[in-house]
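S.K.: As a plain string of letters, each chain reads:
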Amino acid sequence: MFIYTREAHPGENVPHHDSFERKLACAKLLAEEAGIGRDILVDDLDGTVHRAYGLMPNMTWVIGRGGRVAYKANWTSAANVEAFLGRFLAGRAEHPPGTSPVMYETQQAEFRYTDRQRFMQHLARNGPRAVAEFEKAQHLWAGRAAT
Amino acid sequence: MGEADRDSTAAYNYPRFDEYVAAGSDLADEDAFWASPRVGQRAPDFTLPRLGDGAGCPAAGPMAVQAAGDGVRLVHLTVLLSGGSSA
Chain A
1 MFIYTREAHP
11 GENVPHHDSF
21 ERKLACAKLL
31 AEEAGIGRDI
41 LVDDLDGTVH
51 RAYGLMPNMT
61 WVIGRGGRVA
71 YKANWTSAAN
81 VEAFLGRFLA
91 GRAEHPPGTS
101 PVMYETQQAE
111 FRYTDRQRFM
121 QHLARNGPRA
131 VAEFEKAQHL
141 WAGRAAT
Chain B
1001 MGEADRDSTA
1011 AYNYPRFDEY
1021 VAAGSDLADE
1031 DAFWASPRVG
1041 QRAPDFTLPR
1051 LGDGAGCPAA
1061 GPMAVQAAGD
1071 GVRLVHLTVL
1081 LSGGSSA
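Just so you know, the protein sequences line up as chains A and B, in that order. So that you can map any letter, position 91 of the first sequence is 91 in this note's numbering, and since no number is skipped, the others follow by simple counting. If you want this note's numbering, it's the 1-based position in the second sequence plus 1000.
These aren't lab readings, by the way, just hints derived from the structure by calculation. Since the model is a prediction, treat every value here as computed from it, not as a measurement. Built from N, CA and C at the ideal position, the CB exists for glycine as well. Among the clues, some could well be false.
Unchecked claim - Here are the simulated SDA-like pairs of lysine to any residue, each with C-alpha atoms no more than 25 Å apart in a straight line:
1. A:28 - B:1010
2. A:136 - B:1037
3. A:136 - B:1050
As the list claims (entries may be wrong) - Example chain A residues on the side facing chain B (calculated, C-beta under 8 Å, incomplete):
4. 6
5. 55
6. 133
7. 137
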């Protein structure tokens, strides 16, 4: 399922959420533009669910049988999620005779590859202010990296 | 921006991204992710309205897994801009 949270880069065309009605309208825009076929649930204006799951802008969580967290990623990679689900389900279902599956945890670094042109097109769609504010943020990030 | 301000609804729905970053709120968000439930811990349960018909649906946690009926539940939390990278 898909949970709609907040607008990361508000601009003149797609502003920040100042009412639940506006948030619903932005969620509808997402559904139309991204062609999402899964159910989209809309978080409340306060971001209650988003806060409980960690406030990052594009996370994926997998919740296993019994309602326990099986996977969490602070960025979504469809390929990574698919690979994990394959390993997780197979590992739970299949094991050598005379053994039983015992879970352990890992924490791994992964790489993602940003499509800068596509990202900037999305920013421009939100409005010139979204582009300008992102450029200012890049300078701030560069300043942090230099210290 | 103080911690109390950062927790407000207005701060959560920030109007300016550069000011959000200047206040260090993006770093606080990363901290919130690492403080969120770990693998193996129980996922928080919530019910949220479904886009389209407004029906209340379990968002995550045991209720949602039960509703899914397939043993696992994939939950993708996203913002508008990054919606195209859906898993």
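S.K.: The structure should be examined with respect to each hint, and the outcome stated for every one.
M.R.: Going through the hints against the structure:
Pair hint residue 28 of chain A plus residue 1010 of chain B holds up; C-alpha atoms about 22 Å apart against a cutoff of 25 Å. Distance check on the hinted pair: residue 136 of chain A and residue 1037 of chain B sit about 33 Å apart at the alpha-carbon level, beyond 25 Å; violated. Between residue 136 of chain A and residue 1050 of chain B the alpha-carbon distance is near 35 Å, which puts this suggested pair outside the 25 Å criterion. The beta carbon of residue 6 of chain A comes within 6 Å of a beta carbon in chain B, closer than 8 Å, and the hint placing it at the interface holds.
The criterion of a C-beta within 8 Å of any C-beta in chain B is met by residue 55 of chain A, whose closest approach is roughly 4 Å, and the hint holds. For residue 133 of chain A, the interface hint holds, since its Cβ comes within 8 Å of a Cβ in chain B; the closest pair sits about 4 Å apart. Satisfaction of the interface hint for residue 137 of chain A is found here, the shortest Cβ-Cβ separation to chain B being roughly 4 Å, below the 8 Å cut-off.
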